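**Student:** Sequence:
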Amino acid sequence: MTENKIRQFLPTIVGHMVKHAEGGKTPSERELSEHLHLSRGLLRECLAVLEAVNIIERRPKSGIYLTLERAGLDSMVIMAEAGVSASRQQLHNALELRRIHDVNAAALAAERASEINFEALRDILERSEERVAKRGGLNELDAEFHLEIVKATGNDLLYKICASFYAARGPRVEFFFRSPERNAASLQEHKAIYEALKSRDMLLSRAQMNAHLRSIESYWEEMFTWMGGSSDEVLPGYQET
Numbered sequence: 581m582t583e584n585k586i587r588q589f590l591p592t593i594v595g596h597m598v599k600h601a602e603g604g605k606t607p608s609e610r611e612l613s614e615h616l617h618l619s620r621g622l623l624r625e626c627l628a629v630l631e632a633v634n635i636i637e638r639r640p641k642s643g644i645y646l647t648l649e650r651a652g653l654d655s656m657v658i659m660a661e662a663g664v665s666a667s668r669q670q671l672h673n674a675l676e677l678r679r680i681h682d683v684n685a686a687a688l689a690a691e692r693a694s695e696i697n698f699e700a701l702r703d704i705l706e707r708s709e710e711r712v713a714k715r716g717g718l719n720e721l722d723a724e725f726h727l728e729i730v731k732a733t734g735n736d737l738l739y740k741i742c743a744s745f746y747a748a749r750g751p752r753v754e755f756f757f758r759s760p761e762r763n764a765a766s767l768q769e770h771k772a773i774y775e776a777l778k779s780r781d782m783l784l785s786r787a788q789m790n791a792h793l794r795s796i797e798s799y800w801e802e803m804f805t806w807m808g809g810s811s812d813e814v815l816p817g818y819q820e821t
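The numbering of the sequence shown is our numbering, which starts it at 581 and goes up by one.
No lab work stands behind these hints: they were computed from the structure. Values in this document were obtained by computation on a predicted structure and should not be read as measured data. Be aware that a few hints might be false.
[To be verified] In silico DSBU-like pairs for lysine-lysine, Cα to Cα no more than 30 Å straight-line: (1) K641 <-> K605; (2) K778 <-> K740; (3) K641 <-> K599; (4) K585 <-> K599; (5) K605 <-> K585; (6) K641 <-> K714; (7) K585 <-> K740; (8) K771 <-> K714; (9) K740 <-> K771.
[Said to hold, decoys possible] Pairwise CB distance ranges (calculated): (10) N790 <-> E614: 45 to 53 Å; (11) L783 <-> G603: 47 to 55 Å; (12) K641 <-> E710: 54 to 62 Å; (13) K605 <-> E754: 16 to 24 Å; (14) E695 <-> N673: 30 to 38 Å; (15) N790 <-> E611: 45 to 53 Å; (16) E637 <-> D703: 39 to 47 Å; (17) A632 <-> G716: 36 to 44 Å; (18) K714 <-> A632: 27 to 35 Å; (19) G604 <-> E775: 43 to 51 Å; (20) I586 <-> N673: 23 to 31 Å; (21) R638 <-> A764: 44 to 52 Å.
We treat Cβ as the ideally placed atom computed from N, Cα and C, and that holds for glycine.
Between the sequences and the hints, there should be enough to build the whole structure, so can you do that?
**Tutor:** This is the structure in C-alpha cells:
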C-alpha cells in the first residue's frame, strides 16, 4: 500500500489509541484491528509509521505505549488531525518555533518579495476584511497570509517546514479565532505587517511580525494562567474528538 493511503488511516488510529489508553498503554493490535476494521497487515504498517515518528512505542511481550511527549513536527501534524490534546509545554515549543521562522521570514520577504507576492497578500487581506465583516474566523486565511510571506523568501525548504507547522495547529487555531475581536485585531496586525513589507523595511517588518506574535503568545499565556495550568494542562478547544 502506498504511503499516502497508509497516512489517511493514522489520525483515526491515533485518536482511538489516545481515547482508550490506560496508563499510557493502548489497546492491543488485535483490538485495534477489530475495532477499526483494518487488516492486521495494514495496521502493522500504520503502527510502524507511528513508531517512526515517536507517537507510539511497541514493546515486545508488553504492548503498545503512547510516547506523545517525544512528538516532533511530523507527529504534531498527525496529532492535530486526530484531535489530540496539546500540553502547555508543546504549545510553548510551537510558539517559540513560530517566532523563529516567522520573524526571520518577514525580514527576508521585505527584501525578496515580488509584486506577485504582494498581490497575493493584498488578496488575502481583502478576503480577510470580508470575513471579519461577517464576523467569521480567519483560521485558514491566517495561515495563508503567513505562508505567503514565507513563500516570498524564495526558500523552498523553509516553506515546507512552515507548511507543516501550520498544518499542525489543528483545532487550536479555531479556538483562537472564535472571537470577533481577535479576528479584527489580527487583521489590523496583518495590515501593519503588509505595509512594512511593502516599504522594504526589514527591521520594521521584523518588528511588526514580532509584535503580532507577542499578542498571540500573551493570549495563550493568559488562558493557561486562567486555567491554573501546569506543564501538563491541555489546551482548551484542542480536545480529542
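**Student:** So which of those numbered hints doesn't the model satisfy?
**Tutor:** Violated hints: 6, 13 and 18; rest satisfied.
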